[in-house]
Amino acid sequence: MGRAVAVIGTGQTKHGRRDDLSYPDLVREAVKKVFEDAGITPRDVDGVVYGSMPSMMEGVAYNHFYFADALRVVGKPLLRTETCGSTGQSVAHTAIHWVASGMADVILAIASEKENEGDAQATMMTILEPFLQVVIGGAPIAFSLQSREWMGYYHIDDAKAREAASIVSVDSHDGGLANPLAHIRVKLSKEDITNAPIITYPVRFYDVCPISDGACAVIFASEEKAKKICKKPAWVKGIGFRGEEYFIGDSSKAVWQSTIEASKEAYKEAGITNPLKELDVAEVYNPFSYQELMFLECLGLCPPGEAPDYVIKGTFSPGGELPCDPSGGVLCTNPIGAAGLIRVAEAALQVTGKAGEHQVEGAKLALSHAMGGAMQFNGVTILGSEL
Amino acid sequence: MAEQKEKPRKVAAMGMVPYEMALGPTWTRFFEGFKEKKILGTKCNKCGRVLVPARPFCSRCFEPMEEWVEVAQEGTIVTWSYVNYTYFGVTPDMIPLIGATIKLDGVDCGTGMWTQIGGFDIKDFELVTKKVKVGARVRAVWRRKRQGNFRDIDYWKIIE
Ligand SMILES: [Zn+2]
Chain Y
1 MGRAVAVIGT
11 GQTKHGRRDD
21 LSYPDLVREA
31 VKKVFEDAGI
41 TPRDVDGVVY
51 GSMPSMMEGV
61 AYNHFYFADA
71 LRVVGKPLLR
81 TETCGSTGQS
91 VAHTAIHWVA
101 SGMADVILAI
111 ASEKENEGDA
121 QATMMTILEP
131 FLQVVIGGAP
141 IAFSLQSREW
151 MGYYHIDDAK
161 AREAASIVSV
171 DSHDGGLANP
181 LAHIRVKLSK
191 EDITNAPIIT
201 YPVRFYDVCP
211 ISDGACAVIF
221 ASEEKAKKIC
231 KKPAWVKGIG
241 FRGEEYFIGD
251 SSKAVWQSTI
261 EASKEAYKEA
271 GITNPLKELD
281 VAEVYNPFSY
291 QELMFLECLG
301 LCPPGEAPDY
311 VIKGTFSPGG
321 ELPCDPSGGV
331 LCTNPIGAAG
341 LIRVAEAALQ
351 VTGKAGEHQV
361 EGAKLALSHA
371 MGGAMQFNGV
381 TILGSEL
Chain F
1 MAEQKEKPRK
11 VAAMGMVPYE
21 MALGPTWTRF
31 FEGFKEKKIL
41 GTKCNKCGRV
51 LVPARPFCSR
61 CFEPMEEWVE
71 VAQEGTIVTW
81 SYVNYTYFGV
91 TPDMIPLIGA
101 TIKLDGVDCG
111 TGMWTQIGGF
121 DIKDFELVTK
131 KVKVGARVRA
141 VWRRKRQGNF
151 RDIDYWKIIE
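Protein sequences appear in the order of chains Y and F. Going by the working numbering, 266 is the number at position 266 of the first sequence; the sequence numbering is gapless. Going by the working numbering, 37 is the number at position 37 of the second sequence; the sequence numbering is gapless.
The set of hints was computed from the structure by calculation and includes no laboratory data. Some clues are possibly wrong.
Said to hold, decoys possible - Below, a list of computed lysine-lysine pairs in the DSS-like style, where the Cα atoms sit at most 27 Å apart:
| no. | chain 1 | residue 1 | chain 2 | residue 2 |
| --- | --- | --- | --- | --- |
| 1 | Y | K32 | F | K10 |
| 2 | F | K130 | Y | K190 |
| 3 | Y | K14 | Y | K364 |
| 4 | Y | K232 | Y | K32 |
| 5 | F | K10 | Y | K33 |
| 6 | F | K123 | Y | K160 |
| 7 | F | K7 | Y | K33 |
| 8 | F | K131 | Y | K160 |
| 9 | F | K103 | F | K35 |
| 10 | Y | K232 | Y | K268 |
| 11 | Y | K160 | F | K130 |
| 12 | Y | K76 | Y | K32 |
| 13 | F | K7 | Y | K14 |
| 14 | F | K133 | Y | K190 |
| 15 | Y | K228 | Y | K76 |
| 16 | Y | K14 | Y | K33 |
| 17 | Y | K232 | Y | K277 |
| 18 | Y | K231 | Y | K14 |
| 19 | Y | K160 | F | K133 |
| 20 | Y | K364 | Y | K277 |
| 21 | Y | K228 | Y | K32 |
| 22 | Y | K14 | F | K10 |
| 23 | F | K7 | Y | K32 |
| 24 | F | K5 | Y | K32 |
| 25 | Y | K14 | F | K5 |
| 26 | F | K157 | F | K123 |
When you get a sec, could you build the whole thing from the sequences and use the hints?
Structural data, given as structure tokens:
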């Protein structure tokens, strides 16, 4: 994988409805924090990577031009990477590749979204061309169809899947409560979630992520620089990314090959053979609670078709064998372009013991993940406390 | 900084761009088939897959898919969802609706997101959960007037 790479700092905005700030001000909030956290200045940075959702969501084409000052990119090379929901993982991977290749020593990675300014669903409908695949539109139906496909494929009973999805939602919302930067911070019971109105069956209101504004910045550095600059870096142990064909019906979304293959590659690089046992915490991309169930299987964290059983027995709950999304996950905070990079930042906080109230005690090895494209891409980044 | 009295405000903005998107020969012919109540797929002569919508080339073999096949108008539900919420693209007159992916007989892929189940009182959710199941059989019901797009199939009817 080239040279060793570490995370030497992270910065997140307060996520939520941020119409108190212009978009460049929001980006600056995260960038300012990441420099404070890393204890370096923009002069120490060799290049910048940025990503967000497409122009339709941003209200301005190529928003990295608009943000140039906030990104501290003046006088430096800039790369833009975007893959829809998995943008944040792609941005992290671009920065990691850049440092691992030896072409740069310190790279600033930033991703952001001001989802409340535009219309997220309208943007989602432009992810697919308008004549072959979009008729009934939008992300909620796409991911509900995926969840039902998974339930149908493994003959998972509606009530059992419902119970597991509710537990995922309760745990995530408890995480959001413990995370001062999370957008949604409410205490919910299993009953609140199970009895919430149907959005796109089987998905109900509290199974769905919010519309959030937020930005995230992460600084990646080479081994030499990381050891010089940072007392406790989070080391990149392995990464994996996979894409799939464009037509959604062409391959199984229940046994999702891009998730399976991306995580296998990351585990191989990290030398992980039993991820459930070896990982201490996972930041799984969970914009829909049912989708997290499918991801737990495709990420190899439990056997295929058995995620509901594992969730119901508490494996992925706080205090369980592998706590998932202690930050509240995407279910509580979804600035889409940034969501995948927030997963990376949260994994870094966990393995460096800096996660505060939502810290998983003694976490040393963490998985972060995001999916994107037209249900097409999956990216995984594994961070650890030891090189 | 001096104390600021005004609440930060927003400005309205709008971007609208009309497009003329080329269908190309394959998708033109595919939608012409709809006008004649035909569902046309193309077959890859290397891997043998028949795909709907018809494809100009095989995504896996990268070979042209030039052999046209009229496929069955019956199939099996792979997955479905009940939409009872409005958001962009889903207006109040459209809901509730049942989106589904259907594997047509003899076709090697699912339909994706252009197929809807109907033909009974779908406002009755209890009835929906009784009738609509993964594995249930369905048949295409065409509109009387067809224009060569996906809306030409009014809905997919559950058959026993
Ligand atoms: Zn082929």
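Fill in: Holds or violated: K7/F to K33/Y, with C-alpha atoms at most 27 Å apart
Holds. K7/F to K33/Y sits at ~25 Å (cutoff 27 Å).
Worksheet item: Under the criterion that the straight-line Cα-Cα distance not exceed 27 Å, is the pair K232/Y, K277/Y satisfied?
Response: holds, 24 Å
Practice prompt. Please work out if K123/F and K160/Y have their alpha carbons no farther apart than 27 Å.
Written response: This hinted pair holds, its Cα atoms lying about 25 Å apart.
Worksheet entry | Given pair status - K160/Y, K131/F, alpha carbons within 27 Å | Roughly 20 Å separates the two Cα atoms, so the pair holds.
Worksheet item: Quick one, are K157/F and K123/F close enough, alpha carbons at most 27 Å?
Response: holds, 15 Å
Worksheet item: Is the hinted pair K103/F and K35/F satisfied, with a Cα-Cα distance of at most 27 Å?
Response: holds, 21 Å
Discussion item. Just to be careful, I want the Cα atoms of K160/Y and K130/F compared with a cutoff of 27 Å; is the pair within it?
Written reply: Answer holds: K160/Y to K130/F is near 18 Å, not above 27 Å.
Discussion item. Please verify whether K76/Y and K32/Y have alpha carbons no more than 27 Å apart.
Written reply: holds, 17 Å
Worksheet item: Does K10/F lie within 27 Å of K32/Y when you go C-alpha to C-alpha?
Response: holds, 24 Å
Worksheet item: When you check the alpha-carbon spacing of K130/F and K190/Y, does it fall within 27 Å?
Response: holds, 25 Å
Worksheet item: For the pair supplied as a hint, K5/F and K32/Y, is the alpha-carbon distance within the 27 Å limit?
Response: Distance ~25 Å between K5/F and K32/Y Cα, so the pair holds.
Discussion item. Holds or violated: K133/F and K190/Y, Cα atoms, limit 27 Å.
Written reply: holds, 26 Å
Of the hints listed earlier, there is not a single one the structure fails to meet.
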